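Protein chains in written order, with UniProt numbering: chain C, 1 to 129; chain E, 1 to 202; chain U, 1 to 108.
Read the hints as simulated data drawn from the structure, not as lab findings.
Source: prediction; values computed, not measured.
Worth double-checking, as some hints may not be accurate.
Said to hold, decoys possible - The following residues of chain C were derived to be distant from chain U, with all beta-carbon distances above 10 Å:
#: 1; residue: K14
#: 2; residue: E17
#: 3; residue: M26
#: 4; residue: G28
#: 5; residue: D56
#: 6; residue: G71
#: 7; residue: L84
#: 8; residue: R89
#: 9; residue: E109
#: 10; residue: T115
#: 11; residue: E125
#: 12; residue: L126
Unchecked claim - Here are a few chain C residues that face chain E, going by a calculated C-beta distance under 8 Å:
#: 13; residue: G18
#: 14; residue: G43
#: 15; residue: S127
We treat Cβ as the ideally placed atom computed from N, Cα and C, and that holds for glycine.
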Amino acid sequence: MANVGIVIVSHSPKIAEGAADMVRQMVGDSVNLAYAGGDPGGGLGTSVPSIRDAIDRAWSEAGVAVLVDLGGAETNSEMAIEMLDAERRDRVVVCNAPIVEGAVMAATEASGGSTLEAVRRTAEELSPQ
Amino acid sequence: MTPEHLHKLIVAVADAVIAHADELTELDQAIGDGDHGVNMRRGFEAVRADAAATAEKPLPDALKAIGTQLVMKVGGASGPLYGTLFLALGKTIAPDASNIAAAFAAAVQAVEARGKSHPGQKTLLDVLAPVQAALADGGPHLPARLPIVAAAAADATVPMLATRGRASFLGERSIGHMDPGARSSALMIASLCRALEELDLG
Amino acid sequence: MRDSPATEQATDSAELVNAVGLHARPSVKLTQLAKTFACRVEIALSADGPWVDAKSPVKVMRVKAPCGAVLHVRASGPGAAAAAQALMALVRGGFGEPSHEPADLSHG
C-alpha cells in the first residue's frame, strides 16, 4: 500500500511552498506532497480549484491528509474534498493542526506507511486540546 | 420562467454585487481582511459573463452552475459559502420554483453546515436566516417585503459581536461594523426581488 | 498487556554527537527509522525513563535532548536487537549531520 499523501494549503503561496520545502528536506521524498496557496486572482487567499489540483497531485490510494492555515483555507479545502469523486472523497481529511509542524509530523507518520487515520492523529497531537 | 426571465434575474444580482464591490471591500477592511468586494466581484463577473448560457438551463441546473462558478472564482470563505448556497438551492428546487421556501431553507442549512456556524455570530447567516423565516411564513408581496427584512437584518449585525469568521479575531472591536457577508447577502436578495417585481413574476 | 519472557528484548544507549542534538530533523530521522521495525521501540534520556514511543514524531520531538546527552533505547518484540542497534548507530553517526558547531562565518 502506498504512503498517505500530504497537501499544504495556505493563504500565502510562499508559506505553502516553504512548508512543503521543509517537509521535503526533513522527511524525504517517500510521500506524495503538493501545496496550494493564493486566491483565484493571485492575491492572498485560497482557491478550490487549486486545492483540488493539489489533492490530485498528492493523490495516493492510502489517502491524502490536508494541512491548512486560517479559516477560509479550511472551508475551501472541505469544499474541494466534497467536489471529488465519491470513491476519493472519503479518503481525504483536513487535519486540525498547525500548518508547518502538522505537515512535518503528518509526513513523518505517513513515511512509515501509517494509515490516514494515524497520520491525522499524529498531526492533531500538536493541537491544544 | 423563460430563459429571458432567468437571464434578467442573474444579471440583476451580478450587477448589484459588482456595483457594490467597493462598499463590500470597505466593510471588510473594517473587520475582515478586506478582500470580500474584490472576491465577490471576480465571482459575479464570471457569473455575468456566462449568464446567457446559464439562463438556457433548467432552473436547478442554472443554480448549480452559478454555485460552481462562485466556488471556483470567489475564493476566501465566501466562495464556498455562497457556492454552497446556490449548489444546495439547485439540488432541492423544483424547475418551476414552486418549492422555493423549502429549497431556500435547505440551502441556508447547507451554508450553516459549510461554515460550521449559526445565526447570531455576525455572518451572512444573520441575513439568510430571517429571510428564510419570512419566506417560510409566506403571505402577499414577498418580493417587496424580503428586501426590507434583509436590510434590517444586515443593519442588526452592526452591534453584534463576531464569533465566527475572520472578524471573530477582533473580538469586541468587531462591534459597531456591519458584517460584509450580511451586506452582500442583503444586496443579492434586494436585487433579485426588485428584478422579480419588474418581471411581475413574484 | 505484559510481554512473555520469550519476547525478544534489547536495550542500548549512545551519546548525541551532532551539534543540534535531538532537534526537529534528527527526530524525524529517528522516528522514520524506528517505524521500519515491527517491534516496540522507545527512547529516554535516562535508563529509568520516562520512555517515549520512538515511532511517534511528536513525542520524540518533545524529548528535546541536546548535543552531549545520552539517549537510551529499549525495544521489545521481533527484531528488537536489530532495532536498538540501528537506532543507536544513527545517533552515534550524528544523524548524518555535522558533529561540531559549523564554522562561524561572521568572523571569517
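**Request:** Run the C-beta distances from K14 of chain C to all of chain U and say if the shortest one exceeds 10 Å.
**Result:** Since the minimum Cβ distance to chain U is about 20 Å, K14 of chain C lies beyond 10 Å and the statement holds.
**Consistency of the no-contact label for E109 of chain C, given chain U and a CB cut of 10 Å** = 6 Å, violated
**Asked** Is the Cβ of T115 of chain C more than 10 Å away from each Cβ in chain U?
**Response** 13 Å, holds
**Request:** Using 8 Å as the Cβ threshold, decide whether G43 of chain C counts as touching chain E.
**Result:** 7 Å, holds
**Asked** Is it correct that the beta-carbon of E17 of chain C has no partner in chain U closer than or equal to 10 Å?
**Response** Label holds. Min Cβ-Cβ 19 Å, cutoff 10 Å.
**Prompt:** Beyond 10 Å from chain U, beta-carbon-wise, is D56 of chain C?
**Reply:** It holds; D56 of chain C is separated from chain U by about 26 Å at its closest Cβ, greater than 10 Å.
**Request:** Hey, is L84 of chain C genuinely clear of chain U, shortest beta carbon separation above 10 Å?
**Result:** 28 Å, holds
**Distance rule for G28 of chain C, whose beta carbon must clear each one in chain U by more than 10 Å** = The claim is violated: G28 of chain C sits with its nearest Cβ about 8 Å from chain U, within 10 Å.
**Request:** Take a quick look at R89 of chain C and tell me if its Cβ sits farther than 10 Å from every Cβ on chain U, holds or violated.
**Result:** 27 Å, holds
**Request:** May I ask you to check that E125 of chain C keeps its beta-carbon over 10 Å from the closest beta-carbon of chain U?
**Result:** 4 Å, violated
**Request:** Identify whether the interface hint at S127 of chain C stands, where standing means a beta carbon of chain E within less than 8 Å of its own.
**Result:** This interface hint is violated because 16 Å lies over the 8 Å limit.
**10 Å cut-off, C-beta based - L126 of chain C kept clear of every residue in chain U** = 6 Å, violated
Comparing the model with each numbered hint stated earlier shows that hints 3, 4, 9, 11, 12, 13 and 15 do not hold.
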